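Chains as they are written, first to last, in the working numbering: chain A, 1 to 259; chain B, 1 to 259; chain C, 1 to 259.
Honestly, the hints are just simulated from the structure, not real lab data.
The model shown is predicted, which means the values in this text are computed figures rather than measured ones.
Just to be clear, a hint being listed does not mean it is correct.
[To be verified] Listing some non-contacts, in silico: residues in chain A with all C-beta distances to chain B over 12 Å:
1) V31
2) I63
3) A75
4) A77
5) G93
6) E145
7) Q148
8) E155
9) I174
10) A246
[Unchecked claim] Simulated DEER-style distance windows between Cβ atoms:
11) A/A182 x C/S159: 53 to 63 Å
12) A/A77 x C/D111: 17 to 27 Å
13) A/A77 x C/S159: 51 to 61 Å
14) A/R80 x B/R19: 38 to 48 Å
[To be verified] Incomplete in silico selection of chain C near chain A, CB under 10 Å:
15) K107
16) F108
17) Q137
18) G243
No residue lacks a Cβ here, since even glycine has one placed at the ideal position from N, Cα and C.
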Amino acid sequence: MESVSYPDPNIVHDLGELRRLNPLTQCITNVVVTGFTANVLLAAGASPAMVIGIEEAAEFARIASALLINVGTIAGADSRAMLEAARAAHEHGTPWVLDPVAAGALKFRTDVVAELVTLRPTIIKGNASEIMAVAGQDGGARGVESTQESGDAIEHARSLAARTGCVVAVTGPIDYITDGKAIIAVPGGHSIMTRVTGTGCALGALMASFAATSPTPLRAATAACAVFAAAGERAARASQGPGSFAVCFLDQLAMIGAD
Amino acid sequence: MESVSYPDPNIVHDLGELRRLNPLTQCITNVVVTGFTANVLLAAGASPAMVIGIEEAAEFARIASALLINVGTIAGADSRAMLEAARAAHEHGTPWVLDPVAAGALKFRTDVVAELVTLRPTIIKGNASEIMAVAGQDGGARGVESTQESGDAIEHARSLAARTGCVVAVTGPIDYITDGKAIIAVPGGHSIMTRVTGTGCALGALMASFAATSPTPLRAATAACAVFAAAGERAARASQGPGSFAVCFLDQLAMIGAD
Amino acid sequence: MESVSYPDPNIVHDLGELRRLNPLTQCITNVVVTGFTANVLLAAGASPAMVIGIEEAAEFARIASALLINVGTIAGADSRAMLEAARAAHEHGTPWVLDPVAAGALKFRTDVVAELVTLRPTIIKGNASEIMAVAGQDGGARGVESTQESGDAIEHARSLAARTGCVVAVTGPIDYITDGKAIIAVPGGHSIMTRVTGTGCALGALMASFAATSPTPLRAATAACAVFAAAGERAARASQGPGSFAVCFLDQLAMIGAD
């Protein structure tokens, strides 16, 4: 397995570009993490816009710099807005990220996710169970949590990427990102991030922002993972528990790259 | 009135069990508190899953370790998902908690709550006005706030518990929990908790988590109240206002019991 | 242009009245900011109630002390609840605030906002692009952000206020509030507030709370802006980034006026 750590200079440059261009990032995400996701994008230097209604979602996907679709709390009406927005993004060339939360664990969302995948997300981002489910394997999800290690899903991620043309990111203690050929490993972060809701979901949103400003989707997904890992490590050192971690994490996201 | 303080050794043991078993807790709750509720469960040691769509809610209630239904921001479609999930939990034996937010103050939710009660929640948790409304009394609710003291609702709670077979918890400066026979008083906490949104709602979610791992529903509700009271007292001492309180509260929830 | 800074003694008095009367403030707002909005109202001394379902919104608008309608994440069903609640408020005399988030940028919400304006909000609050759009100008909105300075919208705001009878507040580095005759300028706050989601939305909610307890809508909107500006300045001094700012801001809101 070819495994390359992402070189730091590019991350710093890509983060500078993100901040300079301040990409307008439409987020159709779950109701648990909307506020935190918006705050993560604002702290990092992007501009969130939660335009979610069926009457507006597709119209906005043609205006926005990037789109995130996260199926975490999907219900019927949401799924139609998601599909229309993804179709508009696909047709219009707006880069978009799919976060197939708990795919494989529940039939309805698994079907919606399969339909969304046909609309060619720029990046598919999930934990090992989710990526395996999207790749057609039994990922053994337990609700929104993975029962698999990210490393176990690498080969499924690579074949999914090769088959669909999407970049695939498998998150975990080490994140793996692949375009079907290269595989990039991003270590770092901190285990406390699994005890703060929305860190994974916000990472998907930041991937969308980077997809609007980075030279390639592979680099976009990698930059988002690397920024999260670095901010997470710093915030873990500066905090006493999951409450103060979430606060410090936003502060660190805003500071990172200036040093 | 028989009033027994809950003995500490059991709480510590029950909290240890909660953390060991990490119960998957489905939350169908209001949109104001979803993020805070998830963070409270994660900090305490449970695993939240906000599966709320009508297409999935009942399916997941059969997989989950426990279920919370909180009617805080109920609308028509939500109410159908709540009823289906509660029915699935009831039939499948999944313990579930009902938080009848503002029952009595508004007709629609009062009717939905009455129907939910027929599906035998394991625990009904509310402030004095809400519990009195569920018990068929005029509780005089003012929006989501109680106009009654928790002590005033004890006898209504006891008769409601005796009649339905549910454990009933009345929250307030002192929380009272009853299974229709015993009444347990849990003092503690801090008045600043009334100035942070979601503390009461997250308490209902933690009761659901404990209901999956504690030996009895009475002990589950009591353990959740006691953990909240202790973490609330500690966080009040370590914070400067309602913003820092919420942060410290999550930190303290994660630390509590280790000492 | 007549420009008057709001005199401090009135603010302190109005804030004292808000806290004494603790107005029950119904918020039909976007899903990104519900939790933060509730926490802002609780910290400042008001009582939030997010009653949003079509089955209850109008009923509650007759009970509540004030109503906020914020169209940030509007979808079809929400818009009907908003219109019914606004109609109930209008007929019953409940003061209500309209926050036309991203009006002008998207057709559906622009139409709903136009219909809401016919129901005579007590206060219309928006950034320069939004107020210009409501006034029938091309405001050049970029998603939820303004591309205009607040000062550029003053004359549009004044004519909108004169035509509709609403007080109009244009937010920005300097906030301008007008009843069609007087124009009040409220400087202050801090640029970091633009990097924390929900500060603008929560300001609209606090205007609604003040509208229930202040002698005039002009004074209500001004008091909310002034309280936000002062708490924002203090919080900026006490924080390290956008995460800690949001926490400090709630703490400062609770403390302000006691000194």
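Status of each hint after checking the structure:
In this structure A/V31 is not separated from chain B by more than 12 Å, as the shortest Cβ-Cβ distance comes to only about 5 Å. The claim that A/I63 is not at the interface with chain B holds, since no C-beta of that chain comes within 12 Å of its own (minimum 26 Å). A beta-carbon of chain B comes within 12 Å of the beta-carbon of A/A75; the shortest separation is about 3 Å. A/A77, annotated as away from the interface, has a beta carbon of chain B within 12 Å; the closest lies near 8 Å.
At roughly 30 Å from the closest C-beta of chain B, the C-beta of A/G93 stays outside 12 Å, upholding its exclusion from the interface. A/E145, annotated as away from the interface, has a beta carbon of chain B within 12 Å; the closest lies near 6 Å. Every C-beta of chain B lies more than 12 Å from that of A/Q148, the closest at about 16 Å, which supports listing it as non-interface. Under the 12 Å C-beta cut-off, the non-interface status given to A/E155 relative to chain B holds; the minimum distance is some 28 Å.
Residue placement check: A/I174 keeps its beta carbon more than 12 Å from all beta carbons of chain B (closest about 21 Å). A cut-off of 12 Å between C-beta atoms contradicts the statement that A/A246 is not in contact with chain B; the least separation is 7 Å. At roughly 59 Å, the beta carbons of A/A182 and C/S159 sit within the given window of 53 to 63 Å. For the hinted restraint 17 to 27 Å between A/A77 and C/D111, the CB-CB distance of approximately 19 Å keeps it satisfied.
Hint check: A/A77 to C/S159, Cβ distance near 38 Å, so the stated range 51 to 61 Å is violated. Taking the beta carbon of each, A/R80 and B/R19 are about 40 Å apart, inside 38 to 48 Å as hinted. Satisfaction of the interface hint for C/K107 is found here, the shortest Cβ-Cβ separation to chain A being roughly 7 Å, below the 10 Å cut-off. Below 10 Å, beta-carbon pairs count as interface contacts, and C/F108 has one with chain A at about 4 Å; its hint therefore holds.
Hint on C/Q137 is violated. Least Cβ distance to chain A is approximately 19 Å, over the 10 Å limit. For the restraint placing C/G243 at the interface with chain A, the shortest Cβ-Cβ distance is roughly 3 Å, inside the 10 Å limit, so the hint holds.
Consistency with the previously given hints fails for numbers 1, 3, 4, 6, 10, 13, 17, ordered from lowest to highest.
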